[in-house]
Amino acid sequence: MGIRSEMMRLLITGERIQVPDSMLSSQLEVEVQLQSQQLIDIACFGLDDQRKLSDDRYMIFYNQTKSPGNEICLQGTNNQAVSFVINLAKMAPTVHNLVFTATIDGEGTMSEILPSYIRFKTQGQILFSYEFTGNDFKNEKTIILSEIYYKNMWRINAVGKGFNGGLGVLLEHFGGEVSADSVSNQSDSVKKIELEKKLEKQAPRLLNLAKKAKISLEKVGLKNHDAKVALCLDISGSMSSLYKKGKIQEFAERILALATRFDDDGAIDIFLFGQNAHNVGELTVDNFSGFVDRMNKKYPLEGGTYYSKGMKLIREHYFKEAPSRKTPFPQALPVYVMFITDGATSDENKTRAQIKDSSYEPIFWQFMAIGKSKKDRKKRKELDRSQLLARTSFTFLEELDEMEGRFIDNANFFSVEDPAQIADDELYDLLLEEYPEWVKKAVKNKVLVK
Numbered sequence: 001m002g003i004r005s006e007m008m009r010l011l012i013t014g015e016r017i018q019v020p021d022s023m024l025s026s027q028l029e030v031e032v033q034l035q036s037q038q039l040i041d042i043a044c045f046g047l048d049d050q051r052k053l054s055d056d057r058y059m060i061f062y063n064q065t066k067s068p069g070n071e072i073c074l075q076g077t078n079n080q081a082v083s084f085v086i087n088l089a090k091m092a093p094t095v096h097n098l099v100f101t102a103t104i105d106g107e108g109t110m111s112e113i114l115p116s117y118i119r120f121k122t123q124g125q126i127l128f129s130y131e132f133t134g135n136d137f138k139n140e141k142t143i144i145l146s147e148i149y150y151k152n153m154w155r156i157n158a159v160g161k162g163f164n165g166g167l168g169v170l171l172e173h174f175g176g177e178v179s180a181d182s183v184s185n186q187s188d189s190v191k192k193i194e195l196e197k198k199l200e201k202q203a204p205r206l207l208n209l210a211k212k213a214k215i216s217l218e219k220v221g222l223k224n225h226d227a228k229v230a231l232c233l234d235i236s237g238s239m240s241s242l243y244k245k246g247k248i249q250e251f252a253e254r255i256l257a258l259a260t261r262f263d264d265d266g267a268i269d270i271f272l273f274g275q276n277a278h279n280v281g282e283l284t285v286d287n288f289s290g291f292v293d294r295m296n297k298k299y300p301l302e303g304g305t306y307y308s309k310g311m312k313l314i315r316e317h318y319f320k321e322a323p324s325r326k327t328p329f330p331q332a333l334p335v336y337v338m339f340i341t342d343g344a345t346s347d348e349n350k351t352r353a354q355i356k357d358s359s360y361e362p363i364f365w366q367f368m369a370i371g372k373s374k375k376d377r378k379k380r381k382e383l384d385r386s387q388l389l390a391r392t393s394f395t396f397l398e399e400l401d402e403m404e405g406r407f408i409d410n411a412n413f414f415s416v417e418d419p420a421q422i423a424d425d426e427l428y429d430l431l432l433e434e435y436p437e438w439v440k441k442a443v444k445n446k447v448l449v450k
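The UniProt record's numbering numbers the first residue of the sequence shown as 1 and each following residue consecutively.
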């Protein structure tokens, strides 16, 4: 169990003790060591006065290591030995309880753990230690180790109790008595956390991209927004060098990262258009490596560019059909389509019709052209006439962006000369430039049902 301080006091299960002044006037360190053959996630939950997690920014764990004001900081990445550095004097007034938990990720129960402890230290001195072993538990997969709570003064409680369920049961416990909607929301939260853990293990670069996408979503008020994401790719012959250089694969991964923030299934639907349209299937966290090369072998580049064929196929996939519409077609889950091309289409009138008809559906079209246009992301400032004349490769897409006669504005457009040259955070900001306003209009006009 390690060397004990001469001043250290051993706590027993259920014991409550006042936090001494020395821990209030300086940083408090909570050290957790949990010896086990299983993978164990250790976390600190900052709960309100009703013992609810009313702000998920106060769930401090391996993928969210700091609270908003840095009052709680997680140090160390070893799942079986971590430390939380806590400043009680600066704690947010809404946080009344700090609950320290351990959850087994996978098979096994807490009865299998070896001698372990949670210790409370200040200035390197261990003041309190709560020690436990597998003999203290039975079939629990999650345990509350201890908590620091405020009741007229800050106190420590050695809890040592748990649940047979995992993280979902723990979140439900912190939600108190929950409605069916709340249970659903908590289930979604668990799925997203599990997806993040999967990304950390299998695709750390995707996780890093997803964090950047999260920041962009938070900036536009879509932190908890759900949507299905589709990526529609041009496979005309002129795209050849972009595919060969791996730039489309890289871009697809950036869109997949965004999708992990929109949806908890870690997948996007891939569609292609050239002379014909194709439904490729899902790009996922499990199959993304080398996906585009495999796709190109099955679907070689084609002569011709027909936007409307790809758009029609996408509408049929999500709405079963792609008819001419004059009234709203409401659904609860919106579809965000990332549409990439490097050239003009041969079916402008049919494409206009697809945009107009789909304006009654819960689908948003984000067009990105690879080349020069008046909406080049580098040229958002006013351009002189000679520059405008030079940047007209995508006049039709510019027209779609501003097209009249739609039920609601359901499209946006920008261009880049090289998709690999745009920074991740800038890309995600551009992808969310008009989408938040579309969401509001879709709800208001009963295209999107909340």
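These are calculated hints, taken from the structure and not from any lab test.
Where hints are given, some of them may not hold.
Okay, derived cross-link-like pairs now, DSS-like style, lysine-lysine, Cα gap no bigger than 30 Å in a straight line [to be verified]: (1) Lys446 - Lys350; (2) Lys151 - Lys201; (3) Lys52 - Lys197; (4) Lys214 - Lys350; (5) Lys52 - Lys198; (6) Lys223 - Lys245; (7) Lys90 - Lys138; (8) Lys298 - Lys219; (9) Lys52 - Lys298; (10) Lys161 - Lys211; (11) Lys214 - Lys66; (12) Lys219 - Lys247; (13) Lys223 - Lys90; (14) Lys326 - Lys151; (15) Lys320 - Lys350; (16) Lys326 - Lys298; (17) Lys211 - Lys440; (18) Lys214 - Lys247; (19) Lys223 - Lys66; (20) Lys444 - Lys298; (21) Lys320 - Lys441; (22) Lys151 - Lys219; (23) Lys223 - Lys350; (24) Lys320 - Lys298; (25) Lys211 - Lys201; (26) Lys219 - Lys52; (27) Lys247 - Lys297; (28) Lys223 - Lys450; (29) Lys247 - Lys90.
The hints, checked one at a time:
no.	hint	in the structure
1	Lys446 - Lys350	26 Å, holds
2	Lys151 - Lys201	40 Å, violated
3	Lys52 - Lys197	23 Å, holds
4	Lys214 - Lys350	36 Å, violated
5	Lys52 - Lys198	26 Å, holds
6	Lys223 - Lys245	34 Å, violated
7	Lys90 - Lys138	38 Å, violated
8	Lys298 - Lys219	39 Å, violated
9	Lys52 - Lys298	51 Å, violated
10	Lys161 - Lys211	33 Å, violated
11	Lys214 - Lys66	16 Å, holds
12	Lys219 - Lys247	27 Å, holds
13	Lys223 - Lys90	26 Å, holds
14	Lys326 - Lys151	60 Å, violated
15	Lys320 - Lys350	19 Å, holds
16	Lys326 - Lys298	38 Å, violated
17	Lys211 - Lys440	24 Å, holds
18	Lys214 - Lys247	23 Å, holds
19	Lys223 - Lys66	18 Å, holds
20	Lys444 - Lys298	42 Å, violated
21	Lys320 - Lys441	23 Å, holds
22	Lys151 - Lys219	35 Å, violated
23	Lys223 - Lys350	35 Å, violated
24	Lys320 - Lys298	25 Å, holds
25	Lys211 - Lys201	15 Å, holds
26	Lys219 - Lys52	25 Å, holds
27	Lys247 - Lys297	16 Å, holds
28	Lys223 - Lys450	16 Å, holds
29	Lys247 - Lys90	46 Å, violated
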